[in-house]
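**Student:** So you can see what is in the structure, the chains are spelled out below.
Protein chains: 4
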Amino acid sequence: MSSSHIATILVSCPDRRGLVAALAQLLYGHGANILDADQHTDVAAGQFFQRIVFDTSELHTDRVVLERGIDEVAQRFSMRWRIHYASPTKRVALLVSRYDHCLYDLLLRKRAGELTCEIPVVISNHPDLADVAAQFNLPFHHLPVDPSERDAQEQALLAVLERERIDLVVLARYMQILSARVVNAFAERIINIHHSFLPAFVGSKPYHAAHERGVKLIGATAHYATSELDQGPIIEQDVTHIDHRDTVDDLIRKGRDLERVVLARAVRLHLENRVLVHGNRTVVFG
Amino acid sequence: MSSSHIATILVSCPDRRGLVAALAQLLYGHGANILDADQHTDVAAGQFFQRIVFDTSELHTDRVVLERGIDEVAQRFSMRWRIHYASPTKRVALLVSRYDHCLYDLLLRKRAGELTCEIPVVISNHPDLADVAAQFNLPFHHLPVDPSERDAQEQALLAVLERERIDLVVLARYMQILSARVVNAFAERIINIHHSFLPAFVGSKPYHAAHERGVKLIGATAHYATSELDQGPIIEQDVTHIDHRDTVDDLIRKGRDLERVVLARAVRLHLENRVLVHGNRTVVFG
Amino acid sequence: MSSSHIATILVSCPDRRGLVAALAQLLYGHGANILDADQHTDVAAGQFFQRIVFDTSELHTDRVVLERGIDEVAQRFSMRWRIHYASPTKRVALLVSRYDHCLYDLLLRKRAGELTCEIPVVISNHPDLADVAAQFNLPFHHLPVDPSERDAQEQALLAVLERERIDLVVLARYMQILSARVVNAFAERIINIHHSFLPAFVGSKPYHAAHERGVKLIGATAHYATSELDQGPIIEQDVTHIDHRDTVDDLIRKGRDLERVVLARAVRLHLENRVLVHGNRTVVFG
Amino acid sequence: MSSSHIATILVSCPDRRGLVAALAQLLYGHGANILDADQHTDVAAGQFFQRIVFDTSELHTDRVVLERGIDEVAQRFSMRWRIHYASPTKRVALLVSRYDHCLYDLLLRKRAGELTCEIPVVISNHPDLADVAAQFNLPFHHLPVDPSERDAQEQALLAVLERERIDLVVLARYMQILSARVVNAFAERIINIHHSFLPAFVGSKPYHAAHERGVKLIGATAHYATSELDQGPIIEQDVTHIDHRDTVDDLIRKGRDLERVVLARAVRLHLENRVLVHGNRTVVFG
Chain C
482 MSSSHIATIL VSCPDRRGLV AALAQLLYGH GANILDADQH TDVAAGQFFQ
532 RIVFDTSELH TDRVVLERGI DEVAQRFSMR WRIHYASPTK RVALLVSRYD
582 HCLYDLLLRK RAGELTCEIP VVISNHPDLA DVAAQFNLPF HHLPVDPSER
632 DAQEQALLAV LERERIDLVV LARYMQILSA RVVNAFAERI INIHHSFLPA
682 FVGSKPYHAA HERGVKLIGA TAHYATSELD QGPIIEQDVT HIDHRDTVDD
732 LIRKGRDLER VVLARAVRLH LENRVLVHGN RTVVFG
Chain A
482 MSSSHIATIL VSCPDRRGLV AALAQLLYGH GANILDADQH TDVAAGQFFQ
532 RIVFDTSELH TDRVVLERGI DEVAQRFSMR WRIHYASPTK RVALLVSRYD
582 HCLYDLLLRK RAGELTCEIP VVISNHPDLA DVAAQFNLPF HHLPVDPSER
632 DAQEQALLAV LERERIDLVV LARYMQILSA RVVNAFAERI INIHHSFLPA
682 FVGSKPYHAA HERGVKLIGA TAHYATSELD QGPIIEQDVT HIDHRDTVDD
732 LIRKGRDLER VVLARAVRLH LENRVLVHGN RTVVFG
Chain W
482 MSSSHIATIL VSCPDRRGLV AALAQLLYGH GANILDADQH TDVAAGQFFQ
532 RIVFDTSELH TDRVVLERGI DEVAQRFSMR WRIHYASPTK RVALLVSRYD
582 HCLYDLLLRK RAGELTCEIP VVISNHPDLA DVAAQFNLPF HHLPVDPSER
632 DAQEQALLAV LERERIDLVV LARYMQILSA RVVNAFAERI INIHHSFLPA
682 FVGSKPYHAA HERGVKLIGA TAHYATSELD QGPIIEQDVT HIDHRDTVDD
732 LIRKGRDLER VVLARAVRLH LENRVLVHGN RTVVFG
Chain G
482 MSSSHIATIL VSCPDRRGLV AALAQLLYGH GANILDADQH TDVAAGQFFQ
532 RIVFDTSELH TDRVVLERGI DEVAQRFSMR WRIHYASPTK RVALLVSRYD
582 HCLYDLLLRK RAGELTCEIP VVISNHPDLA DVAAQFNLPF HHLPVDPSER
632 DAQEQALLAV LERERIDLVV LARYMQILSA RVVNAFAERI INIHHSFLPA
682 FVGSKPYHAA HERGVKLIGA TAHYATSELD QGPIIEQDVT HIDHRDTVDD
732 LIRKGRDLER VVLARAVRLH LENRVLVHGN RTVVFG
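Residue numbers (the numbering used here), protein chains in the order written: chain C, 482 to 767; chain A, 482 to 767; chain W, 482 to 767; chain G, 482 to 767.
Don't read these hints as lab results, they were simulated from the structure.
Keep in mind that this is a model prediction, so the values were computed, not measured.
Errors might be hidden in some of the hints.
One copy or two, it doesn't matter: identical chains are merged, so the pair holds either way.
[Unchecked claim] With a cut-off of at most 27 Å between alpha-carbon atoms, the simulated DSS-like pairs for lysine-lysine come out as follows:
#, residue 1, residue 2
1, Lys571, Lys591
2, Lys571, Lys735
3, Lys686, Lys735
4, Lys735, Lys591
5, Lys686, Lys591
6, Lys686, Lys571
Full structure from sequences and hints, please.
**Tutor:** Shown next, in the form of structure tokens:
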């Protein structure tokens, strides 16, 4: 079984009887073999979520006919749905500034086969990390931000993203706030890493704020970017213990390990089509 | 929807196309509403596992007819399957010796509504914890072990378990090895808590062995008892950090917190029918 | 060596050369044997902290003379210092409302020898937990809060605390805000458990807020109570992972395990004189 | 205060009264300013351990006189002791085979300022990672192992280590067992990373063994190499949760994150002179 014949459906809809059977039956009827299925019912919200992974190698029909069939079931159950085929693989743009730890981490994981994607471009508002991109033979776009012409920079950014047919934007410690225009153009397709356990310590300098408050744990949060800063749906979080001996510099150092692991997990979950956004929360099929 | 109308099917079989649809369709056809379904395919072993939770309150048929239907599907796909109805609730026997922390923990969780079960009896080879059972208004059976008559004690133990129609035996730091006779009579229905991160430190005095070896973490392991000591399928494990300042007594103290949490989680997973044993490993639908 | 001959000095002062030697020499000169010494220099703040545990069984002098000696060194180095003798043991009041998990936990740890203290009284604004106190043969004071007479209740509370010569007040899920009068009377001697990872989700209903925000971790924080709600110096924090399947009830259940462990650790640290408050932060000699 | 004026003394000896004062007094008398002191008494073993960090910038005497003074105290108390000066910095050799994750991790941490050391050489029994060394402008020695001439390879290895005046050898997934000759030449100065939670799963292929046993956690262990494989004193360990969905490949992937973090922590602890070996255990002043 080649992994290029894999497809994934993500579904959300009001919870109703017969849903599971209807979708399973439809896929079976088209010759799809269900490899993995996970579901979740949010009883309080009356909402149903499902992720189905199936093999398309012995499909009796083609993608068009299959999708038409799914759409008929979807209309019957008022489903929102989307389908992702393993081929072609997703194209990811990495946006960075001066810190290299998340960039190196993602590039090394990509090379080790942990992340199934293309990374056609690294984009930065600073020139510092051009060398790292070069080491991995990746094009590096330096798009500096002139405060008086932020619009122009974002226009250039969007142009690159479009030209490279980018599916996912990863803000790998990109120290520049994106406008609503960019965020909305890539809704649920921009992942940011924030260096605190959100919602504690929103905004800039969270490690300084954590040190000031005297917390005993620091965290990192990967979330989809929305137009409201640090308020987007959370995909993944983790923390590490600290104590009174840790200076702000120690928090920054310990935080780096958290940031790269949490960001990498979130990117991987997204690439494997495991994340469904509902309101401002996520269902993550682990 | 009353929780007494819930049923759970656990299935394992060789992986085959059409499995998921067949079972979903059968349940739907009988008027069962699938509330939750989780599945796992062990690709290397070619084995399929599934857990389906469904509502039986609008079943068109009765339990007998439903189970006959399931059995037909099961034979078609060479499935091993079992069904659990929420009502009547499972009956649990707690076996203890002298340590009270796991006993208190389970009884308090039961009272707080965390564990859905009956606990009709506490059994011990020592008289020490009779008071604790009394505080919770539970019968306490003192079945002391005379080394020359271990058979007789086990006979008495089995008699109590049978008379009380026990579904699950929890060894809550019961410091006595059970013979193959008891273990086999309750296969996959005896949960033991071992105070180490198995397979490290099998046997008795694991905290002493951990201290001796100078490890930086200690653990606890909940597993189904088998006739081979400390070798049964693992349900749940966890660890906690220690350092050079911790004496054996500190390990014992820190270990108590682990033991009770790990044991309680395993018991809860079992009571919710989330554990499937395959060979010497478990599939735990979390 | 009897543990009743142990004493602990906690020191904080501006960092200066010769400090460590001066104090070590003084103790040695009086016949005290240093068993454990830990220190911390906050370089940014230029502040020095030290904890010294020593054996007094072969002291050449008495407590009065020793303390006079320490005071001389203290004045030379502008030290704030305090000394705690193992005997008599600290007297702890447990304040509770309706939740029993923290109360049981502390009482069982006390009985198991984990907490070296007296617990002469359990106080509550509700009658519900009188039985638990009775099981452990402890006096239970029911001090209900009439909103129009909160002052009177606090007066009664302070009277009990004074009569029982209480050294430490533990708010073991006491669901009532204490006024500045009480908080100031027991400055750095009231430990509260807040059921969130502070500073996230201050105020009431943190589990509901955490669920609403869609976080992937929940936490608990033990801190000294100050007149500003949920803002006191943090002693201990921990978190546990959650996911989209967890309802608010699940958060409450999982949170209980955190709360009791985090609170117990903080109480133990305080009882062992390991916590020094500096500004709004703590130095915790682990 | 320049960090090049820092020195660290590590001491172990039978526990005796007056120890702490004697050493503090001696250092003070020579004009050393104690910056940090941590100690530990293993009561069961009657053994005392101490780590003192001090500033030598206002020393009245020189290193020779200071060390002679320490030695006199040491003889009085039967101390084993060693002193480390911050300058010159330690020289570290990285030994690797084909896996690059630990190598990259250590080199990036070095570059980020997390590890205070020189890395004059990377040595491997395979040519694969020469490029990585080149990216960081480091000499790469390829010393292949011909099974019939293992002695010759180790001779060459020792020659490089000697020529480069290596203080610490880090086995960053070096897949070759070192003979007793090498191990003894660098006693307590070779750090290995084993990809299991030792003592579970000693030997090769621990992830396969962990999968086979069905554990719910996997671990990594950094330890000093001794002539007995996987039995050396443990410096640092950590674990991560896994479940039934994880294949051996997933364990390998998740394990990589553990290995690099655990190894880096151990190397950092060693470089900061925080580790004392006693018997087969370590005292780690955190």
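**Student:** Hint by hint, which ones does this structure get wrong, listed from lowest number up?
**Tutor:** Per hint list: single violation, 6.
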